[in-house]
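Each protein sequence line maps, in turn, to chains A and B. Going letter by letter, the first sequence gives residues 1 to 472 in the UniProt record's numbering. Going letter by letter, the second sequence gives residues 1 to 472 in the UniProt record's numbering.
Where hints are given, some of them may not hold.
Pairs involving identical chains hold if they fit within one copy or between any two copies, as the list cannot separate such chains.
As the list claims (entries may be wrong) - Mimicking PhoX-like on lysine-lysine, the simulated pairs with C-alpha atoms at most 25 angstroms apart in a straight line are: (1) 323 - 276; (2) 325 - 390; (3) 266 - 62; (4) 258 - 128; (5) 128 - 69.
These are computed hints drawn from the structure, not numbers from a lab.
Protein chains: 2
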Amino acid sequence: MIVSLLAAFSVITVIVSAKVVPKDSEECRILLGDAFIEEIAGYSEVRDNILNYVLVGDFKTKTYDELAKFVDKFGARPSGTDTLEQSIDYMIQLTRDEGIDDITTEELEVPQWTRGQEEVTMLEPRVKNIAVLGLGRSVSTPPEGVTAEVVVVNSFAQLDTFSDNDIEGKIVLYDPVFTSYGETVTYRTQGATKAAAKGAVASLVRSIAPFSINSPHTGSQNYGENVTKIPTAAITLEDADLIRRFYNRGEKVVLNIKMFSTYDTKISRNTLIDYKGTENPEKLVIVSGHIDSWDVGQGAMDDGGGLFISWAVPVILKRLNLKPKRTIRSIFWTAEELGLVGAYAYEEKHRDENHNINFIMESDEGTFAPLGLAVAGNKEARCIVAEVLKLFKSINASTLVEDDSPGSDIAVIIKTGVPGASLHNDNGKYFWFHHTEGDMMNVEDEHELDLGTAFWTAVAYIIADISADIPR
Amino acid sequence: MIVSLLAAFSVITVIVSAKVVPKDSEECRILLGDAFIEEIAGYSEVRDNILNYVLVGDFKTKTYDELAKFVDKFGARPSGTDTLEQSIDYMIQLTRDEGIDDITTEELEVPQWTRGQEEVTMLEPRVKNIAVLGLGRSVSTPPEGVTAEVVVVNSFAQLDTFSDNDIEGKIVLYDPVFTSYGETVTYRTQGATKAAAKGAVASLVRSIAPFSINSPHTGSQNYGENVTKIPTAAITLEDADLIRRFYNRGEKVVLNIKMFSTYDTKISRNTLIDYKGTENPEKLVIVSGHIDSWDVGQGAMDDGGGLFISWAVPVILKRLNLKPKRTIRSIFWTAEELGLVGAYAYEEKHRDENHNINFIMESDEGTFAPLGLAVAGNKEARCIVAEVLKLFKSINASTLVEDDSPGSDIAVIIKTGVPGASLHNDNGKYFWFHHTEGDMMNVEDEHELDLGTAFWTAVAYIIADISADIPR
Numbered sequence: 001m002i003v004s005l006l007a008a009f010s011v012i013t014v015i016v017s018a019k020v021v022p023k024d025s026e027e028c029r030i031l032l033g034d035a036f037i038e039e040i041a042g043y044s045e046v047r048d049n050i051l052n053y054v055l056v057g058d059f060k061t062k063t064y065d066e067l068a069k070f071v072d073k074f075g076a077r078p079s080g081t082d083t084l085e086q087s088i089d090y091m092i093q094l095t096r097d098e099g100i101d102d103i104t105t106e107e108l109e110v111p112q113w114t115r116g117q118e119e120v121t122m123l124e125p126r127v128k129n130i131a132v133l134g135l136g137r138s139v140s141t142p143p144e145g146v147t148a149e150v151v152v153v154n155s156f157a158q159l160d161t162f163s164d165n166d167i168e169g170k171i172v173l174y175d176p177v178f179t180s181y182g183e184t185v186t187y188r189t190q191g192a193t194k195a196a197a198k199g200a201v202a203s204l205v206r207s208i209a210p211f212s213i214n215s216p217h218t219g220s221q222n223y224g225e226n227v228t229k230i231p232t233a234a235i236t237l238e239d240a241d242l243i244r245r246f247y248n249r250g251e252k253v254v255l256n257i258k259m260f261s262t263y264d265t266k267i268s269r270n271t272l273i274d275y276k277g278t279e280n281p282e283k284l285v286i287v288s289g290h291i292d293s294w295d296v297g298q299g300a301m302d303d304g305g306g307l308f309i310s311w312a313v314p315v316i317l318k319r320l321n322l323k324p325k326r327t328i329r330s331i332f333w334t335a336e337e338l339g340l341v342g343a344y345a346y347e348e349k350h351r352d353e354n355h356n357i358n359f360i361m362e363s364d365e366g367t368f369a370p371l372g373l374a375v376a377g378n379k380e381a382r383c384i385v386a387e388v389l390k391l392f393k394s395i396n397a398s399t400l401v402e403d404d405s406p407g408s409d410i411a412v413i414i415k416t417g418v419p420g421a422s423l424h425n426d427n428g429k430y431f432w433f434h435h436t437e438g439d440m441m442n443v444e445d446e447h448e449l450d451l452g453t454a455f456w457t458a459v460a461y462i463i464a465d466i467s468a469d470i471p472r
Numbered sequence: 001m002i003v004s005l006l007a008a009f010s011v012i013t014v015i016v017s018a019k020v021v022p023k024d025s026e027e028c029r030i031l032l033g034d035a036f037i038e039e040i041a042g043y044s045e046v047r048d049n050i051l052n053y054v055l056v057g058d059f060k061t062k063t064y065d066e067l068a069k070f071v072d073k074f075g076a077r078p079s080g081t082d083t084l085e086q087s088i089d090y091m092i093q094l095t096r097d098e099g100i101d102d103i104t105t106e107e108l109e110v111p112q113w114t115r116g117q118e119e120v121t122m123l124e125p126r127v128k129n130i131a132v133l134g135l136g137r138s139v140s141t142p143p144e145g146v147t148a149e150v151v152v153v154n155s156f157a158q159l160d161t162f163s164d165n166d167i168e169g170k171i172v173l174y175d176p177v178f179t180s181y182g183e184t185v186t187y188r189t190q191g192a193t194k195a196a197a198k199g200a201v202a203s204l205v206r207s208i209a210p211f212s213i214n215s216p217h218t219g220s221q222n223y224g225e226n227v228t229k230i231p232t233a234a235i236t237l238e239d240a241d242l243i244r245r246f247y248n249r250g251e252k253v254v255l256n257i258k259m260f261s262t263y264d265t266k267i268s269r270n271t272l273i274d275y276k277g278t279e280n281p282e283k284l285v286i287v288s289g290h291i292d293s294w295d296v297g298q299g300a301m302d303d304g305g306g307l308f309i310s311w312a313v314p315v316i317l318k319r320l321n322l323k324p325k326r327t328i329r330s331i332f333w334t335a336e337e338l339g340l341v342g343a344y345a346y347e348e349k350h351r352d353e354n355h356n357i358n359f360i361m362e363s364d365e366g367t368f369a370p371l372g373l374a375v376a377g378n379k380e381a382r383c384i385v386a387e388v389l390k391l392f393k394s395i396n397a398s399t400l401v402e403d404d405s406p407g408s409d410i411a412v413i414i415k416t417g418v419p420g421a422s423l424h425n426d427n428g429k430y431f432w433f434h435h436t437e438g439d440m441m442n443v444e445d446e447h448e449l450d451l452g453t454a455f456w457t458a459v460a461y462i463i464a465d466i467s468a469d470i471p472r
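So here's chain A without its partners, still in its complex pose (with noise of 0.2 angstroms):
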């Protein structure tokens, strides 16, 4: 996932936001009367045909080995790559492999930028290579790189504190502590501007992130208007702090930064897998995830997992031939990762239709084991939510957690006041991996995706069954 300004504040709301107790339970029972809430309850019977088709019945592993042979197949799959379109025709042809059809794609202008050679040496107090990820859109530096003094802030308070003749010709390396992504993340992606307005000729950020073993993490960042865009990249968390042990100490850090990329824009596809409801084909629950990864690792948390989980709702309904009153539709968002950008074009091209969106799905904070939903809407909207997740008790994922802007590409549907959740699971470790070289299938556990998947599609079928629509 990225960040944008609109969604960024998803991770810091499901931490500081209060589970539906007891009380808020009477409450929902006077707002949805009995009968509603025993038609919700009635609906253990669906539950148990999927999570036993999922759990121990043929669809066992299933989740795991496809996303499995997909990302190893592909690998990364950045924005604006022949590699991501053709991984968008593989998962059009599994998914009309198994005999479901009613598949569009929506063209879209996206961008493109791509990594060349990248390399950053501690000239001064001694030489070093200092391990390195380029944000996403930054400049190049000239072909000798940037050669400058490291000025060392741990916050944009503490850049103030300099005169613009101490910032002029130097680099900023922001080294903040990390306190949540949510939080810590605007370091990456206002870094670059702030250290220009000052005069700064590159900036480097520690990478967001609590935990490393040297390695760097990179995401997107954008310019700021009427600034010079200068070079900007992160470096490690351990050679952040041995640069700001150096700086400590009153010792000159000399670095030389030499990034070399490219920009463009390409045309690629949003996704849409349709399983036609049965009394109201027009209303839509949305189950989604995207398909396009930073160009490190092979993009299987980020956002594989979440992918696979929505592509897996259409095609076990239909095996099972379960038919919900309500369309069932899957979205692989494409160029997430460099600005919600699939989202913002779906969103535009689908306003007419709004109205129709019943309730939206986003998996893309990892697919660890499901916790519950992370739910944005009206107390109504939670209350029946939480109903549905009391189904799920039995694999511990009952959890209610009330967000605002969950989801990252949903967020720019939730917020034209569509009710929507993104998956909440077990992520603890979720930014040990994000946006790095170990984005790879051993983050995925099997039995972990399987509850996923499993949990994923009975709560997309249930609240596209049941007789109310979720209120706005």
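Use these hints to put chain B onto chain A, whose structure you have.
Quick look at chain B alone, frame taken from chain A:
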């Protein structure tokens, strides 16, 4: 640390060996006698003196701060390099600055294996860069590299199921399940030899580690007699799994391996710092760590921590004016990583005085929170150490584990019958960072290092001062 044939199994031993339990305590009481046990218990004041000085007094965070300055200044210190020799000079000066002048260096010939460019590229089934670290003493490939198909095995037994024809001209990838370091490392140390014996043109090994963020782990290996020396390297857990998945699906995997290195010998030095005993200066209690490191990371954990807690022992005793009866010798071993070269030279040079070594200690398996000691020696020797360890209950460092081959360097001396011990510490994550670029100061913790320093110093002092020698 490395693991030689000699010292290979200390990690396993620690895991399977038993703590000294109450039954043993009674046995010890009979062996040692109440008077001697009371004498040892009487060192509680000295213990408090040392613990206070390090944990809350003037030495607080000194170990961490000095270690950080040292590893930041020199970085990696591979055997045979000028950097290693300069780092030895630095440690001597740091000791002299404390007013300690009884310092001897002993020259010896050490190997210098210098890593050059290393690059592994998967060519089939798709092009992918494979992160790699060549293994110590590996020969180079031809300039164009070695290009061959991969055969994946998880054990030597599985390799043996292939005919020489199957392996001839291939690259063997060892992909063993990590059980313990001592058990699994054999695929790193002997893999090339066994693959070459069957006609392989190169061998790769899954990094000897239980966890990874796409981190390759280097380490030593030795070519056997009478087989072709083939290039050999470690790849990451993630890439090993990727290649195995392709292989298991029946897809042909072709790699190009380019590795270049040089091999030479140089002169290096063991460093001996003597803090003279008042009554039996000829008798030695040795504390030690190795000063050389691998060429990746900073060697902060392997073995900067062990080096500095051993450096601290005479320094603290001098500062506190504590004078034990026997001499405490702090040794900084050289060239441990390429085969305990410094230790073997010391053992040979000092063989005549072997009988004077009362007890020998090394810390080379991490300086995380100390838990006690892993002790080699006869029953009575272990009983004495167990009584000493009872003094460290307040810092949770009273555990004695029986280990017939503790430490790395000191195993060379211990096998001659000298009793000794290595630091038993909370090192569950040691092999996450071991021999990687991640072996930097971030692995170390100020307070845990203080605990290690205080424990190491007090234990050494007490053993050097008690009325009885440690029996053989």
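Do the hints match the structure? See the list:
1. 323 - 276: within (8 angstroms within a copy, 86 angstroms between copies)
2. 325 - 390: within (21 angstroms within a copy, 71 angstroms between copies)
3. 266 - 62: neither (33 angstroms within a copy, 57 angstroms between copies)
4. 258 - 128: both (14 angstroms within a copy, 23 angstroms between copies)
5. 128 - 69: Answer is between; shortest inter-copy Cα gap is 15 angstroms, intra-copy 38 angstroms.
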